[in-house]
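**Student:** Those protein sequence lines, which keep their order, are chains H and B. All the letters of the first sequence, read from the start, carry residue numbers 79 to 450 under the numbering used here. All the letters of the second sequence, read from the start, carry residue numbers 6 to 219 under the numbering used here.
These are computed hints drawn from the structure, not numbers from a lab. Where a beta carbon is used, it is the ideal one built from N, C-alpha and C, also for glycine. Take these hints with a grain of salt, some might be off.
Ranges between beta-carbon positions, derived for each pair [to be verified]:
{"no.": "1", "chain 1": "B", "residue 1": "13", "chain 2": "H", "residue 2": "441", "range": "53 to 61 Å"}
{"no.": "2", "chain 1": "B", "residue 1": "59", "chain 2": "H", "residue 2": "79", "range": "44 to 52 Å"}
{"no.": "3", "chain 1": "H", "residue 1": "215", "chain 2": "B", "residue 2": "29", "range": "34 to 42 Å"}
Example chain B residues on the side facing chain H (calculated, C-beta under 10 Å, incomplete) [stated by the list, open to error]:
{"no.": "4", "residue": "6"}
{"no.": "5", "residue": "104"}
{"no.": "6", "residue": "131"}
{"no.": "7", "residue": "153"}
{"no.": "8", "residue": "154"}
{"no.": "9", "residue": "202"}
{"no.": "10", "residue": "213"}
Distance condition first, Cα-Cα at most 30 Å in a straight line; then the derived DSS-like pairs of lysine-lysine [to be verified]:
{"no.": "11", "chain 1": "H", "residue 1": "258", "chain 2": "B", "residue 2": "73"}
{"no.": "12", "chain 1": "H", "residue 1": "258", "chain 2": "B", "residue 2": "8"}
{"no.": "13", "chain 1": "H", "residue 1": "303", "chain 2": "B", "residue 2": "73"}
{"no.": "14", "chain 1": "H", "residue 1": "303", "chain 2": "B", "residue 2": "169"}
{"no.": "15", "chain 1": "B", "residue 1": "94", "chain 2": "H", "residue 2": "258"}
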Amino acid sequence: MRPRERLLTTLDHREPDRVPLTARLWLDTRLRLMEHYGVASDEELNAVLGIEPDRAFIGVRPPASWSPSPEYEGFCKATGYDCREQYATYEEWGVERRLGSERPGSSLRQFYFTRYPWEGFTEVEEVEEVELPDLDAPGRFVEAEETARRMRDERVVFGEVGHCQWTKAWELRGMIRFMKDLHTRPRMAAAILDRLNAHYVDVADRLLDAGAAGLRFSEDWGNNKSLFIGREMWRRFFKPRYKKLFDRARRRGAFVFFHSDGNIAPIVGDLVEIGIDILNPVQPECMDQAWVKEEYGDRITIDTGISVQKTLPLGTVEEVREEVRRTFRQLAPGGGFVYGTSHYAMYDVPVENVVALYGACRRYGAYPIDIP
Amino acid sequence: MLKESLREAIVEIRYEEVAGIVGSALDSGVPPLEVLSELRAGLTTVGDRYQSGELFLSHLFLAAETMKEALEVLQPLLSEGGGEGSRGKVVIGSIEGDIHDFGKVIVSSLLSAAGFTVIDLGVDVPAERFVDEAERAGADVIGISALLSTTQPSCRRVVEELEKRGIRERYRVIMGGTGVSPEIATARYGADAAVNDGVEGVRIISGWMGGGER
Numbered sequence: 079m080r081p082r083e084r085l086l087t088t089l090d091h092r093e094p095d096r097v098p099l100t101a102r103l104w105l106d107t108r109l110r111l112m113e114h115y116g117v118a119s120d121e122e123l124n125a126v127l128g129i130e131p132d133r134a135f136i137g138v139r140p141p142a143s144w145s146p147s148p149e150y151e152g153f154c155k156a157t158g159y160d161c162r163e164q165y166a167t168y169e170e171w172g173v174e175r176r177l178g179s180e181r182p183g184s185s186l187r188q189f190y191f192t193r194y195p196w197e198g199f200t201e202v203e204e205v206e207e208v209e210l211p212d213l214d215a216p217g218r219f220v221e222a223e224e225t226a227r228r229m230r231d232e233r234v235v236f237g238e239v240g241h242c243q244w245t246k247a248w249e250l251r252g253m254i255r256f257m258k259d260l261h262t263r264p265r266m267a268a269a270i271l272d273r274l275n276a277h278y279v280d281v282a283d284r285l286l287d288a289g290a291a292g293l294r295f296s297e298d299w300g301n302n303k304s305l306f307i308g309r310e311m312w313r314r315f316f317k318p319r320y321k322k323l324f325d326r327a328r329r330r331g332a333f334v335f336f337h338s339d340g341n342i343a344p345i346v347g348d349l350v351e352i353g354i355d356i357l358n359p360v361q362p363e364c365m366d367q368a369w370v371k372e373e374y375g376d377r378i379t380i381d382t383g384i385s386v387q388k389t390l391p392l393g394t395v396e397e398v399r400e401e402v403r404r405t406f407r408q409l410a411p412g413g414g415f416v417y418g419t420s421h422y423a424m425y426d427v428p429v430e431n432v433v434a435l436y437g438a439c440r441r442y443g444a445y446p447i448d449i450p
Numbered sequence: 006m007l008k009e010s011l012r013e014a015i016v017e018i019r020y021e022e023v024a025g026i027v028g029s030a031l032d033s034g035v036p037p038l039e040v041l042s043e044l045r046a047g048l049t050t051v052g053d054r055y056q057s058g059e060l061f062l063s064h065l066f067l068a069a070e071t072m073k074e075a076l077e078v079l080q081p082l083l084s085e086g087g088g089e090g091s092r093g094k095v096v097i098g099s100i101e102g103d104i105h106d107f108g109k110v111i112v113s114s115l116l117s118a119a120g121f122t123v124i125d126l127g128v129d130v131p132a133e134r135f136v137d138e139a140e141r142a143g144a145d146v147i148g149i150s151a152l153l154s155t156t157q158p159s160c161r162r163v164v165e166e167l168e169k170r171g172i173r174e175r176y177r178v179i180m181g182g183t184g185v186s187p188e189i190a191t192a193r194y195g196a197d198a199a200v201n202d203g204v205e206g207v208r209i210i211s212g213w214m215g216g217g218e219r
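Given the sequences, and given the hints that come with them, work out the whole structure.
**Tutor:** The following block contains the structure:
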């Protein structure tokens with residue numbers, strides 16, 4: 079099977095020839111793996127690991143007139159992210175960030191927020207009147223259209239809507255302030271979410287127009303233990319707004335890919351009800367993956383991976399293999415399953431554990447699944 | 006009835022009204038210490054319901070923030086009466102390399118609401134600075150937040166810095182983060198305690214400072 083066909087088959091809840099694989103590997107982990115295998119590029123590394131290029135992402139980019147300053151390019155390079163994508167996600171909105179300190183063993187640095195541009199708003203009118211990034215500016219979707227055209231027969235092309243409601247709201251308002259809004263100033267919270275909803279409905283439509291076969295939404299809703307807010311509050315403020323966003327994809331037959339870290343068990347049923355097709359990453363230390371499969375596996379694809387908090391950094395090679403065997407036994411049958419790392423394999427992960435992970439995936443991932 | 010309304014003000018997050026509710030209770034003759042005890046009972050209820058999974062993080066945080074609003078009104082009266090000063094000083098921050106803020110902010114808020122003086126150093130804080138600030142403030146406890154497996158080991162550096170300066174026994178050190186495994190963290194990084202639940206962290210610190218949970 080070709081990679082795109084394999085992914086589409088599993089998304090259709092049929093068994094492909096083998097489990098499609100993915101990976102999120104921190105730069106230093108990738109470099110150590112390249113050295114281990116004696117390969118020189120990401121493409122070669124993916125090929126050795128058995129990760130095939132089955133998907134592509136397109137997104138909003140800055141206007142054609144924008145060019146980054148050398149300082150900004152340096153900042154983005156230090157974080158490892160693409161600076162055009164980063165600008166459209168953060169700085170263009172007025173968010174300000176700073177680099178975290180250098181870490182032994184890591185070539186990349188993390189960032190944190192130093193200015194939330196909407197933090198000082200006291201009136202709903204300020205939210206209603208604030209200027210948002212202009213999607214009509216020339217050049218916004220040129221790369222998206224070009225990539226979609228080039229990739230559409232080779233990969234499943236997803237439009238990256240990204241942070242759009244909860245995560246975008248706190249990036250603009252500050253998490254503390256926005257939580258206070260939800261609990262004590264519901265009109266303010268609703269105004270913020272409405273403003274963002276209208277903007278991202280527009281983004282969604284334009285990415286679909288550019289040729290996306292699916293939309294990816296990235297919103298982190300939980301920590302290891304539970305949701306950040308209660309389910310009733312989530313249902314009141316977020317569910318109808320997500321539905322509006324998801325409907326943009328569904329009415330055009332496109333996939334809805336939803337990413338959220340943490341334990342989001344209380345809202346998985348709601349997300350399925352309003353139309354998600356793919357749930358990622360369903361972290362094993364946060365949620366019962368077998369339960370998700372049992373309850374919703376006939377309606378959604380579980381795009382997941384090995385524990386990156388425990389097994390991958392701290393476990394033995396045999397524990398890594400055992401987690402793959404157990405997970406494949408429980409989740410792979412019937413399709414609707416993609417596997418890899420459940421988040422970044424950070425720079426503390428032993429190379430031999432990543433080698434064992436993908437070795438086990440190749441060994442046990444052939445359909446029909448038959449693992450003793 | 007009045008006492009109930011004090012508890013309810015916290016449990017139901019009457020953030021805007023809590024100062025008025027406290028004022029009414031005081032006006033009608035409820036002693037400040039009794040008001041405090043009722044408010045704390047409300048916060049304990051929220052903490053228990055959070056730990057049992059009935060309430061969620063934002064509720065816990067807002068209940069603590071509501072408590073802080075109430076303490077604004079109450080604290081001057083408590084200090085006047087000599088009944089209740091600060092229960093102790095806690096210097097808190099996210100360890101060098103860790104840029105996660107939110108869990109730490111919640112714990113800071115819970116500690117303030119429980120009557121501790123909190124000095125929040127922010128995120129990405131070098132080990133030396135934890136110790137410098139603890140010394141400067143005359144702190145009792147150092148709280149180190151670390152979310153990631155890659156940053157948790159750096160917490161050990163705070164303990165080492167204390168040892169290097171010969172002042173390890175002056176401080177209790179607690180480590181926290183949603184991804185922290187308490188047994189592993191205490192064994193490997195030298196903290197006196199490690200938790201992955203903020204309510205539990207406040208409980209432990211309260212125990213250290215005497216008087217248990219109040």
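**Student:** Mind checking the CB of residue 153 of chain B against every CB in chain H and telling me if the closest is under 10 Å?
**Tutor:** This interface hint holds because 7 Å falls under the 10 Å limit.
**Student:** Would you mind confirming whether the straight-line C-alpha gap from residue 303 of chain H to residue 169 of chain B stays at or under 30 Å?
**Tutor:** Roughly 36 Å between the alpha carbons, so the hint for residue 303 of chain H and residue 169 of chain B is violated.
**Student:** Are the Cα atoms of residue 303 of chain H and residue 73 of chain B separated by 30 Å or less?
**Tutor:** holds (25 Å)
**Student:** Hint check: residue 258 of chain H vs residue 8 of chain B, CA-CA at most 30 Å. Holds or violated?
**Tutor:** holds (25 Å)
**Student:** The hint names residue 104 of chain B as touching chain H; please verify it with the least Cβ-Cβ distance against 10 Å.
**Tutor:** It holds, given that the least Cβ distance between residue 104 of chain B and chain H is near 4 Å, below 10 Å.
**Student:** Against chain H, with CB atoms and a cut of 10 Å, does the hint on residue 6 of chain B hold up?
**Tutor:** violated (24 Å)
**Student:** Mind checking the alpha carbons of residue 94 of chain B and residue 258 of chain H for me, to see if they're no more than 30 Å apart?
**Tutor:** Status holds; Cα separation ~26 Å.
**Student:** Is the shortest C-beta separation between residue 202 of chain B and chain H less than 10 Å?
**Tutor:** For residue 202 of chain B, the interface hint holds, since the closest Cβ of chain H sits about 7 Å away, which is under 10 Å.
**Student:** Can we keep the residue 154 of chain B interface hint, with Cβ of chain H closer than 10 Å?
**Tutor:** holds (5 Å)
**Student:** Given the proposed pairing of residue 258 of chain H with residue 73 of chain B, does the C-alpha separation stay at or below 30 Å?
**Tutor:** Holds. Residue 258 of chain H to residue 73 of chain B sits at ~14 Å (cutoff 30 Å).
**Student:** When you take the CB atoms of residue 59 of chain B and residue 79 of chain H, is the distance between them in 44 to 52 Å?
**Tutor:** Holds - the Cβ-Cβ distance for residue 59 of chain B and residue 79 of chain H, about 47 Å, lies within 44 to 52 Å.
**Student:** Assuming the hint says 53 to 61 Å, is it satisfied by the Cβ distance from residue 13 of chain B to residue 441 of chain H or not?
**Tutor:** With a Cβ separation near 59 Å, residue 13 of chain B and residue 441 of chain H satisfy 53 to 61 Å, so the hint holds.
In terms of the numbered hints stated before, the structure departs from hints 3, 4, 10 and 14, listed from lowest to highest.
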